[in-house]
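Counted the way this note's numbering counts, the sequence shown spans residues 905 to 1031.
Bear in mind the hints are in silico, worked out from the structure with no lab data behind them.
Fair warning: this is a prediction, and the values are worked out from it, not measured in the lab.
One thing to keep in mind: the hints can contain errors.
Under the rule of at most 25 Å between Cα atoms (straight-line distance), these lysine-lysine pairs were calculated in the PhoX-like manner [to be verified]:
| no. | residue 1 | residue 2 |
| --- | --- | --- |
| 1 | 1002 | 953 |
| 2 | 1020 | 944 |
| 3 | 1002 | 1020 |
| 4 | 961 | 1002 |
| 5 | 961 | 992 |
| 6 | 944 | 976 |
| 7 | 961 | 951 |
So the derived label-pair ranges between C-beta atoms look like this [claimed, not checked]:
| no. | residue 1 | residue 2 | range |
| --- | --- | --- | --- |
| 8 | 935 | 988 | 11 to 21 Å |
| 9 | 972 | 924 | 19 to 29 Å |
| 10 | 989 | 924 | 31 to 41 Å |
For glycine and all other residues, C-beta sits at the position ideal for the given N, C-alpha and C.
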Amino acid sequence: MINLYLDKRLELSSDQAITTTAESQNAIDFGTDSCSADGKRIDFRIKEKFQGGTSLKFILQDSANGTSFDDKLTSTTFNTAVLVESQKEPFYSLVIPKGLRRYIRVKYDVQGTFTKGKIHAILNTEM
């Protein structure tokens, strides 16, 4: 068994329950005016099968000040039927584009209302 150590500062969501549209539990602060993660990816894992809603999209947001965020990149729409647990491999990975500002976070755009469903999202710094 391989032991993996996760840097909590790179976690956007840690088993976050998603029932309606919401932002990730955490934002990442790169400590400079611009994001230094160009080309890296955010890995999403489904930690609990989604039930009850219609669909989910992942929206990458950025901010200069950590309080006012703008949408920058949107995933395809995932229907409830495909939102099942993914323990080993990421369910979806979103590649970070160039030109983002100091802070990033994810918005979970929900259609309908889920009664169950949890997400883990982390910035993967491996290439």
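Each hint tested on the structure:
no.	hint	verdict
1	1002 <-> 953	violated (32 Å)
2	1020 <-> 944	violated (29 Å)
3	1002 <-> 1020	violated (34 Å)
4	961 <-> 1002	holds (21 Å)
5	961 <-> 992	holds (21 Å)
6	944 <-> 976	holds (15 Å)
7	961 <-> 951	holds (16 Å)
8	935 <-> 988: 11 to 21 Å	violated (36 Å)
9	972 <-> 924: 19 to 29 Å	holds (21 Å)
10	989 <-> 924: 31 to 41 Å	violated (21 Å)
Violated hints for the displayed structure, listed by number in ascending order: 1, 2, 3, 8 and 10.
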